[in-house]
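Q: Fit chains H, Z and C to the supplied structure of chain A, relying on the hints for placement.
Residue numbers (our numbering), protein chains in the order written: chain A, 100 to 384; chain H, 100 to 384; chain Z, 100 to 384; chain C, 100 to 384.
If you're looking for bench data, these hints aren't it; they were derived computationally from the structure.
Computed from a prediction, not measured in an experiment: that's the story for all the values here.
Note that the Cβ used here is the ideal one computed from N, Cα and C, for glycine as well.
Mixed in with the good hints there might be a few duds.
Far from chain C, by Cβ distances over 10 Å, these chain Z residues were calculated [as the list claims (entries may be wrong)]: (1) H113; (2) K118; (3) S170; (4) A204.
When the alpha-carbon atoms are kept at most 25 Å apart in a straight line, the in silico BS3-like pairs for lysine-lysine are as follows [stated by the list, open to error]: (5) Z/K230 x H/K183; (6) H/K104 x A/K311; (7) Z/K118 x Z/K183.
Here chain C is said to cover these stretches of chain Z; the calculated rule only asks that three of the stretch's residues, wherever they fall, bring their Cβ under 8 Å from a Cβ of chain C [unchecked claim]: (8) 241-251; (9) 323-335.
There are 4 protein chains.
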Amino acid sequence: MFSAKLALKTNSEHQTTIKISEGVSVGGKDLLIIAGPCAVESLEQMEQVARHLAAAPVQMLRGGVYKPRTSPYAFQGLGDAGLKILDAVRQRYNIPVVTEVMAIAQIESIVAHADMLQIGSRNMQNFDLLKAVGKTNKPVMLKRGLAATIEEFIFAAEYILSHGNPNVILCERGIRSFDNYTRNVLDLGAVVALKQLTHLPIVVDPSHAAGKRELVAALARAAVAAGADGLMIECHPQPEKSVSDARQALALQEMVELVHSLRSVAAAVGRHVPIVEPQRQLAVA
Amino acid sequence: MFSAKLALKTNSEHQTTIKISEGVSVGGKDLLIIAGPCAVESLEQMEQVARHLAAAPVQMLRGGVYKPRTSPYAFQGLGDAGLKILDAVRQRYNIPVVTEVMAIAQIESIVAHADMLQIGSRNMQNFDLLKAVGKTNKPVMLKRGLAATIEEFIFAAEYILSHGNPNVILCERGIRSFDNYTRNVLDLGAVVALKQLTHLPIVVDPSHAAGKRELVAALARAAVAAGADGLMIECHPQPEKSVSDARQALALQEMVELVHSLRSVAAAVGRHVPIVEPQRQLAVA
Amino acid sequence: MFSAKLALKTNSEHQTTIKISEGVSVGGKDLLIIAGPCAVESLEQMEQVARHLAAAPVQMLRGGVYKPRTSPYAFQGLGDAGLKILDAVRQRYNIPVVTEVMAIAQIESIVAHADMLQIGSRNMQNFDLLKAVGKTNKPVMLKRGLAATIEEFIFAAEYILSHGNPNVILCERGIRSFDNYTRNVLDLGAVVALKQLTHLPIVVDPSHAAGKRELVAALARAAVAAGADGLMIECHPQPEKSVSDARQALALQEMVELVHSLRSVAAAVGRHVPIVEPQRQLAVA
Amino acid sequence: MFSAKLALKTNSEHQTTIKISEGVSVGGKDLLIIAGPCAVESLEQMEQVARHLAAAPVQMLRGGVYKPRTSPYAFQGLGDAGLKILDAVRQRYNIPVVTEVMAIAQIESIVAHADMLQIGSRNMQNFDLLKAVGKTNKPVMLKRGLAATIEEFIFAAEYILSHGNPNVILCERGIRSFDNYTRNVLDLGAVVALKQLTHLPIVVDPSHAAGKRELVAALARAAVAAGADGLMIECHPQPEKSVSDARQALALQEMVELVHSLRSVAAAVGRHVPIVEPQRQLAVA
Numbered sequence: 100m101f102s103a104k105l106a107l108k109t110n111s112e113h114q115t116t117i118k119i120s121e122g123v124s125v126g127g128k129d130l131l132i133i134a135g136p137c138a139v140e141s142l143e144q145m146e147q148v149a150r151h152l153a154a155a156p157v158q159m160l161r162g163g164v165y166k167p168r169t170s171p172y173a174f175q176g177l178g179d180a181g182l183k184i185l186d187a188v189r190q191r192y193n194i195p196v197v198t199e200v201m202a203i204a205q206i207e208s209i210v211a212h213a214d215m216l217q218i219g220s221r222n223m224q225n226f227d228l229l230k231a232v233g234k235t236n237k238p239v240m241l242k243r244g245l246a247a248t249i250e251e252f253i254f255a256a257e258y259i260l261s262h263g264n265p266n267v268i269l270c271e272r273g274i275r276s277f278d279n280y281t282r283n284v285l286d287l288g289a290v291v292a293l294k295q296l297t298h299l300p301i302v303v304d305p306s307h308a309a310g311k312r313e314l315v316a317a318l319a320r321a322a323v324a325a326g327a328d329g330l331m332i333e334c335h336p337q338p339e340k341s342v343s344d345a346r347q348a349l350a351l352q353e354m355v356e357l358v359h360s361l362r363s364v365a366a367a368v369g370r371h372v373p374i375v376e377p378q379r380q381l382a383v384a
Numbered sequence: 100m101f102s103a104k105l106a107l108k109t110n111s112e113h114q115t116t117i118k119i120s121e122g123v124s125v126g127g128k129d130l131l132i133i134a135g136p137c138a139v140e141s142l143e144q145m146e147q148v149a150r151h152l153a154a155a156p157v158q159m160l161r162g163g164v165y166k167p168r169t170s171p172y173a174f175q176g177l178g179d180a181g182l183k184i185l186d187a188v189r190q191r192y193n194i195p196v197v198t199e200v201m202a203i204a205q206i207e208s209i210v211a212h213a214d215m216l217q218i219g220s221r222n223m224q225n226f227d228l229l230k231a232v233g234k235t236n237k238p239v240m241l242k243r244g245l246a247a248t249i250e251e252f253i254f255a256a257e258y259i260l261s262h263g264n265p266n267v268i269l270c271e272r273g274i275r276s277f278d279n280y281t282r283n284v285l286d287l288g289a290v291v292a293l294k295q296l297t298h299l300p301i302v303v304d305p306s307h308a309a310g311k312r313e314l315v316a317a318l319a320r321a322a323v324a325a326g327a328d329g330l331m332i333e334c335h336p337q338p339e340k341s342v343s344d345a346r347q348a349l350a351l352q353e354m355v356e357l358v359h360s361l362r363s364v365a366a367a368v369g370r371h372v373p374i375v376e377p378q379r380q381l382a383v384a
Numbered sequence: 100m101f102s103a104k105l106a107l108k109t110n111s112e113h114q115t116t117i118k119i120s121e122g123v124s125v126g127g128k129d130l131l132i133i134a135g136p137c138a139v140e141s142l143e144q145m146e147q148v149a150r151h152l153a154a155a156p157v158q159m160l161r162g163g164v165y166k167p168r169t170s171p172y173a174f175q176g177l178g179d180a181g182l183k184i185l186d187a188v189r190q191r192y193n194i195p196v197v198t199e200v201m202a203i204a205q206i207e208s209i210v211a212h213a214d215m216l217q218i219g220s221r222n223m224q225n226f227d228l229l230k231a232v233g234k235t236n237k238p239v240m241l242k243r244g245l246a247a248t249i250e251e252f253i254f255a256a257e258y259i260l261s262h263g264n265p266n267v268i269l270c271e272r273g274i275r276s277f278d279n280y281t282r283n284v285l286d287l288g289a290v291v292a293l294k295q296l297t298h299l300p301i302v303v304d305p306s307h308a309a310g311k312r313e314l315v316a317a318l319a320r321a322a323v324a325a326g327a328d329g330l331m332i333e334c335h336p337q338p339e340k341s342v343s344d345a346r347q348a349l350a351l352q353e354m355v356e357l358v359h360s361l362r363s364v365a366a367a368v369g370r371h372v373p374i375v376e377p378q379r380q381l382a383v384a
Numbered sequence: 100m101f102s103a104k105l106a107l108k109t110n111s112e113h114q115t116t117i118k119i120s121e122g123v124s125v126g127g128k129d130l131l132i133i134a135g136p137c138a139v140e141s142l143e144q145m146e147q148v149a150r151h152l153a154a155a156p157v158q159m160l161r162g163g164v165y166k167p168r169t170s171p172y173a174f175q176g177l178g179d180a181g182l183k184i185l186d187a188v189r190q191r192y193n194i195p196v197v198t199e200v201m202a203i204a205q206i207e208s209i210v211a212h213a214d215m216l217q218i219g220s221r222n223m224q225n226f227d228l229l230k231a232v233g234k235t236n237k238p239v240m241l242k243r244g245l246a247a248t249i250e251e252f253i254f255a256a257e258y259i260l261s262h263g264n265p266n267v268i269l270c271e272r273g274i275r276s277f278d279n280y281t282r283n284v285l286d287l288g289a290v291v292a293l294k295q296l297t298h299l300p301i302v303v304d305p306s307h308a309a310g311k312r313e314l315v316a317a318l319a320r321a322a323v324a325a326g327a328d329g330l331m332i333e334c335h336p337q338p339e340k341s342v343s344d345a346r347q348a349l350a351l352q353e354m355v356e357l358v359h360s361l362r363s364v365a366a367a368v369g370r371h372v373p374i375v376e377p378q379r380q381l382a383v384a
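So that you can see chain A by itself, here it is in the shape it has in the complex (with noise of 0.2 Å):
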């Protein structure tokens, strides 16, 4: 672990911001909380959530727009089609979205139309891919294989430095364990010590770990008082009948809920939650 250099605090003080865009930021004092849909399914669904979170306040959306998905017969995500919606989305609301990359040739177009790359936890070490948005300067959310140990995680993120890129965000998701009741162990106890060890802003998302609605927001104010610098939540305007992981997803209103829920936490350990920005005000109006 120790020789992944780029990866790794020069001091106990060194800790980088990652500007994603105009006003939004992670790593500094301030929370980032990014929220949205599994999978983009429409143009109706994405402005729903975007009016509806831009009050929360939430400052970046997700969507998936190409889905990693078990089986090649379930829905494999919108693809082009679902990346315009976000773009228009992104712009119409101006806020920033963020959107996984599952292969090479779709760096390009993500990069044009979203202003953070993902990096799903089954591409961790698809290390082609790494050094691929390595080679752009584009935020990377870089999320933990489901067996990823600490030691892989910080060498994928020095995959993506050393070709270039200083933008790297990890996202601890869960890992696999024998116990089934939650869907993915959450593991705290790795943000804590990657918080220990790199210098790179930490986003927790609670909603894959837990699998379960009534889970997540317990856990996300646990991630935030564990030291995380961020927030990724699944929501949607009818959990119920989201195309896919519907059991996780939080309604609209329970987000807004959530949010508030996360101020005084973050209080007490010295972070901030943002207000929303007039100018995304005056575009949700």
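A: Only chains H, Z and C this time, still in chain A's reference frame:
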């Protein structure tokens, strides 16, 4: 899991508060903070701990006298002599104590000299021991097994409850995983799930999960934010000289600072870290 | 691990053979085949098993009388009455028997009525129980814990050995993993490693590992090829009516066929499946 | 799992045999033995391996030229130069070769110069890569992911099959667990299950599972006894000088001895280790 009638909530508000000693209980608004060394080593050691932590404040002391050790050649605890030390400190400083019971033959004397029995992880499914402590009415803190599912954990509690003892406290202490940077993976998702499923108080032990002292404080704060009813944390007058688990014990002053840092996190989720009771301050002074 | 002096080989040829009863031993060239139901249910059941398996041949019968069950409301075994059934069958058919000991209080009667004590997975680190069986000189079959490392397994054996009992047999029975198609993952790599590290005989239980009867025979053959000294397999006169673990029990005829299929595999790795002894044939006839 | 139409058996006799090159196939009565170094290091190295193993006999050579390495600073393979070495040896010794494909851009040249494509564990759910190799008709050996369930493994194969390539071979190579004495846990229960569920040939890689060369031979024999259709084993002219995975590679002579020891195990389960073909012997001589 759903045949574990006694352990499960009858409605969403159902929550049990267990009284441990005069003025000390767990499961209510007040968090229960338990601290102390892995093993009782001497009267001097335990008095140092008690004096230093009274003002933390810590509500309860821990200290193992019968120690479950991987190797038969490792220090097995002071046994009965250790139990007497624990009882002496408990009386002098007017502070309740918890210690591990490893065998049925030890129950009677531990019941006489301590305020809470601990069933360790390795004995979570030692069903004859569970039945035997179920026939006492001492509070029992049941630690989750190293690879126990949530269902198995609830049923282990049900063994105690169904034998007549309603005073069961669950303790999450980390589960086995593939990574070895942390000693175990603290499963706060299980804590959130257990708070929803059962009415029993839940204590979190971040020390055994982390295995590294520098990770303990942030995990303790995360546990409180997740909804834990209490914490059990290892600390030692000279951590590096601890006869066991030296790597994970906090120094006493670090323990005091940790408790202080918990106040605002507790408040953020509607909980409270109790202040020291006058009678104990008197005892210490 | 390397301080486990008594369990480890002193040189690469060091191998212990343990005598279980007249003509039955484990650790030598002959494989030890143990078979029988998860639980002793009735005298008729056990007689049916003994009669049918004598010609398999099976060298030893298993049958639980004290049963470690996840739920306190599940069948807990016939207890002492079951032990008497086991002893009656053992004498009538002149076949040794093994049964699980869950508590120190049960040791005396099991020692009197059975030929081998089994320590179950859940009690692998019930150190007081290990010490107590270490003070007998009955053969003890120690099953690996659900998430026990090889080091912990060896040290658990060392607890028994260091208390005076040299007759320890290790049993690999599958470990916990993230997949649930099989009940546990049979760890034959551990069997190979243990054969190299220790001089103790090693028995493999493919039934609890597989959890599905259709997987048992092939895993049994693999275990023999890996170098196991014996097998323990669940079978039942009417598997689907077994009071516990019904899904993994073989029918008696399947058990006979399995033993037949083992002969050539055993021979391929220099081992031997013993033929039935005349005196037992006599007993059955 | 049961929607994976193309990968699943239509009846219990359904078994696919895949032809790899003239006289070499997998899935029939003959076992496929693949051997060679972790990485292609030089022409001399590969020629030494080919000459030595022809008489083993080994039917196929392995050698990585594009290497997925945890650290970006570790040796990444010889790349195209390595592929040319592999092709030269393949032609000179008339022996088919397999090498790993890590990226879509490498498919064309590997298809031209090798007989089988390997998808590594880290790419088992790199769905775009699976789709791309699904559009070729080269045999593809798909290695199970480090923490992939049996269901996910079958669906990954289904991605390849459903894109038009019927020549998929599954490879079990060990899964992540809590123990670190072995590198991974070889899951032969999964091999048995997969043989029952799918009609695809299954190869076992005991080298990556064991991680220690002294465990490889016994695990290889166990895999054959469990019903595997082939083995892939790492070996090297000077194991201790291997640029990667040095600890798990067999010496060439050990490899030859291992193959010899497999003959009787194979015969015991109705399989066969093919003898060396005259034309290859000629090539070597």
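Q: Does each hint hold? Answer for all of them.
A: Status of each hint after checking the structure:
| no. | hint | in the structure |
| --- | --- | --- |
| 1 | H113 | holds (16 Å) |
| 2 | K118 | holds (26 Å) |
| 3 | S170 | holds (26 Å) |
| 4 | A204 | holds (32 Å) |
| 5 | Z/K230 x H/K183 | holds (24 Å) |
| 6 | H/K104 x A/K311 | holds (23 Å) |
| 7 | Z/K118 x Z/K183 | holds (23 Å) |
| 8 | 241-251 | holds (count 4) |
| 9 | 323-335 | holds (count 4) |
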